Every structure is written in structure tokens, then in C-alpha cells.
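Residue numbers (the working numbering), protein chains in the order written: chain A, 1 to 308; chain B, 1 to 354.
Keep in mind that the hints were calculated from the coordinates and are not lab data. Small disclaimer: the values here were computed from a predicted structure and weren't measured. Treat the hints loosely; a few may be bogus.
Below, in silico cross-link-like pairs of lysine to any residue (SDA-like), each with a Cα-Cα straight-line distance of 20 Å or less [unchecked claim]: (1) B:LYS257 to A:LYS127; (2) A:LYS34 to A:ASP278; (3) B:LYS113 to A:ALA118; (4) A:LYS127 to A:LYS34; (5) B:LYS113 to A:LYS34; (6) B:LYS95 to A:HIS217.
Ranges between beta-carbon positions, derived for each pair [as the list claims (entries may be wrong)]: (7) B:ARG102 to A:GLU157: 41 to 51 Å; (8) A:ALA118 to B:SER129: 33 to 43 Å; (9) B:ARG102 to A:GLY81: 26 to 36 Å; (10) A:MET286 to B:PRO164: 47 to 57 Å; (11) B:ASP50 to A:TYR305: 23 to 33 Å; (12) B:ASP50 to A:ASP41: 19 to 29 Å; (13) A:ARG289 to B:THR333: 33 to 43 Å; (14) B:ARG102 to A:LYS210: 30 to 40 Å; (15) B:LEU97 to A:GLN239: 20 to 30 Å; (16) B:LEU97 to A:ARG116: 32 to 42 Å; (17) A:LYS196 to B:THR337: 41 to 51 Å; (18) A:ILE66 to B:VAL80: 58 to 68 Å.
Cβ atoms here follow ideal geometry from the backbone N, Cα and C, with glycine treated the same way.
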Amino acid sequence: MVIGIPRGFLYYKHETLWKGFFDALGITYLISPKTNQEILDRGNEFAIDEACLSSKVYLGHVHWLIEKCDKVFVPRISSYGMDGEVCTKFPALFDLVTNTFADQEIELIHYNMDFRNADAEAPGFVKLGKLLGKSRTKSLRAYLIAKQGEKTQQILEGNKVREAMEQNGLKILVTGHAYNLHDPYLGTPVFEMLKKLDTIPISAARVHDKEIHRASHQISQNIPWVFNRELVGTIAHYQRKIDGIILITAFPCGPDSLINELVLRRIKNPPVLQLILDGQEGTAGMETRLESFIDIIRFKKEGYYDKI
Amino acid sequence: MTKYKVSFPHLGNYYVPLERLFTRGLDVEYVVPPAITKKTLELGSLHSPDYICAPFKFNMGNYIETIEKGADTLVQTGGVCRLRYYGELQSQIIKDLGHDVRFITLSRGALSKPVTLYQSFKEINPAMSVKQIGSTLPVVMTMIESMDKVEDFVRKNSGFQKAPGVLETVQEDFMQRLRRTDSKKDVKKLYKKTTDHLLEIPLDKPKNPIRVGVIGEYYTIMEPFSNHDIEKELAKKGIVVDRWVNLTNTLFRKDWKRKKRVRRYTKYFMGATSMFTVDQGLRFAKQKYDGIIHVKSFGCTPEMDAMPVLQNISRDYKIPILYFTFDSQTSDTGIQTRLEAFYDMIMMRKGGLL
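Take the sequences, apply the hints, and build the full model.
Structure, rendered in C-alpha cells:
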């Protein structure tokens, strides 16, 4: 049996965990290719027109997998802990995929994570193992190995961010959901452009410190969504160490529409730029905006504006 | 001591019970926001982020207009979707606009922790008494229940009056009198009188009328201005308009069987109002309604997730569904054209032409 993993949404957050779990159980899996125009076109065909770009990409990946594997892995994640809610897209994702592809022969496999209804991560994975015909102990062991892998990876990523923060140069904090920032079709071009402009882009999605949850209170007291809380916390935590902030969001992301506006209104220093990704081809517009943003930061740093 | 002048954004006709809750229950003055107009929406859109859902823009417009009218305390509720975070951003925007008002966000209190809820109410008026609220709440609930029932009756029968506009006049009269009622008994008496009056009005209702169900997102469905009065437009054509979503059904009644009913389509809870939408869509389909109209504001994620489910219901039960998305546009023409086409289509289906 081959399990298909769509390369979208929380894959970018739980890649190590999911792969590690299936590896430890000896199950073959197929990951859909990196996002490209073809996948986005597939997504556009099936998604509701005004759905967010990330969900269109996700549906594209699911569709790519349908014929190539036996089961598609679409977990349902409703909350991370009691106060760790996520955008309603994630609790609905399982049923959304089922209903969108009702005409096609698609079989889904999932685990459910919903702390409000006492469905924690570990029991979820044990149930998933059961669906795959593995014993309780085996799946629990696989989960623990995979979780350890995820933790190690998070520590390594955190170290990298800390190293980058100590470097000399123009440091730009790029914030946004991991599935937008690290998607090769959506966010990665921004990082490449920033590197070309001789700056050090730092991804906020790679920061996993516990402090950032507390730090987010400096900007806003009660952000309901855990991903946004982490991003805002990262901004508050590193505010003094960086030279500019770029907010990347996919059109029309629900939580971001509120949080980004709040960040734009409450953070005055360093400068903030909001980039909205809408899946259009061509990057010239984005390049121009990034260039002028970096120029402004450079001029400001060199005291150019004081001279005039 | 001068009383605080509190205001809460419009939602249909619910300003009447809200006024009671604030004036009697919390012992503050209540400023009824000016009726929503195009200007309200323009004002709201001007000061809102551009890709936010429409209710935010409407609320924003309401706030700015009530401040001009003299309110000094604005209240925003909590919710299960983006609504929960409205208050935080709206208070920031109003502060940035330079208005010196108190902004109270009830979403800081959680239903699971009654103390926090009490604290956030206490913020509105520090001198409030629990006893007063306790005695006012039942009256407010009865008011909401009776006005919902009256509205429901008018919606279902408005298209069949012999003299158009009579039902609406009675309803308006009822709302005016409701503001002057005093106790739960009064409200019930008024409700009884109004229903008697409503039932006397001559109707010209065919045996098997066209029935259309309206489902969708919480604010857009309940605030007539934001859905371009779609219910009245439908009723004018001689249609029974059925809508389940109102405060009584969504807040006061708990339905434990909903999950079981929709299990064929959704395995899990899909968030916010999407379950209401799916459940009611399924009910209309099962009861062989002639059509369903789904309304939502632009970018409403929970409703968007419910749409593929509705598409499947539409296919399985062969029931036409018309999807409307409203943003801050103000032209009625496009909406009317789509409604007319939909009406023609269900007429033809009914007549066996399709």
C-alpha cells in the first residue's frame, strides 16, 4: 500500500513527524511534487473561487495524488492544546477534501487532533497505526521516534535562526505561515530575491521557542490562532535585532487579514512591508516592491534622510 | 453621576432586546446606531483592512456613526470565527482615528469560565449588579424569541398578502410596542395580540406554494442591508421564504442530534456556522423545497468549506442552490438579475418544463 502525502498546508510544519512515523512503521509513501503552475491549475479547478491560495494549492496536491497512490493522508487538526486554536480551514480540511473529490475514487486516511474533545496527538497516531494494520505498541513507538525527530529538527532550526540573528548585515524577518513561506512556488522566490539584494532573510516559521508565546502579549493580548500568535511573538521577540519585517500572506487569508493590519498599526519600528500572494504568474511587481523596501531601510540606516 | 452611553453594532432588529439588556440590565444609556446606509458601509470600508469580511466593515461604520451620535462606550462580542478578534483590531482603528472612547471586547471572557465573562460585563459598567442582570435576562430572551417568531411568520407569508405591506406594518408596530414593554408578562401578552392580528390578515396562499430556504453566514443572513434585502425580494415574487438561523435557534436551543443528521456528508465538526448551514441545507433538501439560497460575506472561511458539501447535497437530492457572496458593493442590479434567473428556473422546474 502506498500512502500519498500532499505537499501543502501542515506538511511544512509536520514533515519530519509524518515521514518519521511512516518510516518507522515501514510504510511506503509518496509525496506530491513541489508546487508548480500545473498543481495550482488543478487546485483552481476544484477549489471554491474565493478560497485562500494555500487551500487551492493543497487541493491541487491532493488531486495529483489521487491516481498515483492507494490512500491520501489528510489529517484533521482542530487545536494544539486548550488555547491553541487554528484557522477553521484545518478542522474542516478532512471533510472538505472528501466532499470536493466525492466524484472521484479517493480514499483518505487521517488522524484527528482535537484537544477540546480530548483527542490528543499520540492517541491519534495510534489510531492511525491501527488503520494501517499495525499494533498499538508499534505505532506508539513509531510516533515517539518521529516526535523525537521533530523536536530535534526544531532545536536545530532554532539554532540556525539564532546564528543568523548574530550575523552582520541587513536582517529581514519574513513572517507568514510555514505553508506559504516555504512553498517553492509561493514564498521561496521572496527569500531568493532577498538574498540577491544582499540581505539576510530570516524565516519566522522556523522559530519554535516557547518564549515567543509570551512575547506575543507585548503586541496583542488575546490572539486566538496559535500560528499567528507564534508569528506575532517572533516579531515582538526579535524586534530590536532586525532591520525590517516582511509579512507574507496568501489572499484572502482569514486570520492574517486581522493580525497583519494590527501589526502594521502597532509596529512602527523597524519598517514593515505586507506582501499579498495571489498566485499570479510573474514576479516583477514583487521584485520592485522588495527592492524599494530594502532601499528605504538602507537609506534610513545610513542616515540618508537626516542629510536632506 | 452621568451614565455611560453604550452602543453595539446593528444586527437586523435585535437592537430592541439589546437596548433592554443594556438600559435595564446594566443600567447604562444605550445609543441605537443610526440605520445602516450606503454611507455607513463606505465609512466602514474606508477604515477597514481591504480583504476582511464584510461584517467587520459594517460594524466599523456603525461604530463611527454612533460615536458621532454621542456614544462613549463601544461593545464588541466574541464569536467562533474571525469575529472573536474583531474587537481587538476595531479598538485599535478607533484609537488611531483619534476618538477617545472606551472599547469593550467581550471575547476576553470565555463561556467555560463564567468569572471572566462577569469581569468583561463589569467593564461596561463597574456599578452593575448581578441581580439586575438576572432579572432582565429572561425578559430579553422572551423578547428575542417572540420577535423571531413574528419575523418568521412574516417571512413565510409576506408574499401572499392580498394588500401588500400589511404584515410588515404589523411587524413594525410590534417592534415599536416591544420597546415599551416592561415585563416578561407584557412581552407575552403583546406577542399573543400580535399573532392574533397577523393571523386575521387575509392571505391568498396557494395549496402548494414555491418554497425557498435561506442558509448561510451568521451576520449576512440576519442583517437585511448586508444581503440586499434578498428575503423581501424573494417574498415579492410569491415565495415562502424559510430561514432557520436566528438568535433563538442558534443561541438558546441546543441540538444534540445535528452531528448524527449530517454524518453522511461530514465526519467532523467543520467550524463556526458551517454545521448550521449543512444541517439546514440538508433539511430543506429532504423536505423537497424548490430551491436553496446560500448567502455569505466575501472570504468567510467556514461557509466556504461548507460549499462543497452543499454542492454534494444539491446533486444527491436534485435541489438547485444559488450561491451569493456579498462584499461592500452597493449595486442591487446584478443580484436582482441572478435572483430572477433563479426564480424562472425553479418556476420551470415546478411546472415540469425542465
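Taking the hints in turn, this is what the structure says about them:
Proposed proximity of B:LYS257 and A:LYS127 is contradicted: the alpha carbons are some 25 Å apart, above 20 Å. Between the alpha carbons of A:LYS34 and A:ASP278 the distance comes to roughly 18 Å, so the proposed pair stays at or under 20 Å and holds. Note on B:LYS113 and A:ALA118: the hinted pairing holds, with a Cα-Cα distance of about 18 Å set against a maximum of 20 Å. Taking the CA atoms of A:LYS127 and A:LYS34, the gap is near 29 Å; set against the 20 Å cutoff, the hint is violated.
Proposed proximity of B:LYS113 and A:LYS34 is contradicted: the alpha carbons are some 45 Å apart, above 20 Å. Proximity of B:LYS95 to A:HIS217 is assessed by CA-CA distance (about 19 Å); at most 20 Å being required, the pair is judged to hold. Checked against the given bound of 41 to 51 Å, the beta carbons of B:ARG102 and A:GLU157, roughly 43 Å apart, stay inside it. In this structure, A:ALA118 and B:SER129 meet the distance hint of 33 to 43 Å, their C-beta atoms being roughly 38 Å apart.
Checked against the hint of 26 to 36 Å, the pair B:ARG102 and A:GLY81 passes, with Cβ atoms roughly 32 Å apart. Taken as a hint, the range 47 to 57 Å holds for the pair A:MET286 and B:PRO164, whose Cβ atoms sit roughly 56 Å apart. Checking the proposed 23 to 33 Å range against B:ASP50 and A:TYR305 shows it holds: the Cβ atoms sit about 29 Å from each other. Checked against the given bound of 19 to 29 Å, the beta carbons of B:ASP50 and A:ASP41, roughly 26 Å apart, stay inside it.
Range check, A:ARG289 to B:THR333: Cβ separation about 36 Å, and the 33 to 43 Å hint holds. Evaluation of the 30 to 40 Å hint for B:ARG102 and A:LYS210 yields a pass: the beta carbon distance comes to about 34 Å. Checked against the hint of 20 to 30 Å, the C-beta distance between B:LEU97 and A:GLN239 comes to roughly 25 Å, which is consistent with it. Separated by about 37 Å at the C-beta atoms, B:LEU97 and A:ARG116 satisfy the suggested range of 32 to 42 Å.
For the pair A:LYS196 and B:THR337, the beta carbons lie near 49 Å from each other, so the given range of 41 to 51 Å is met. The supplied range of 58 to 68 Å is broken by A:ILE66 and B:VAL80, whose beta-carbon atoms lie about 32 Å from each other.
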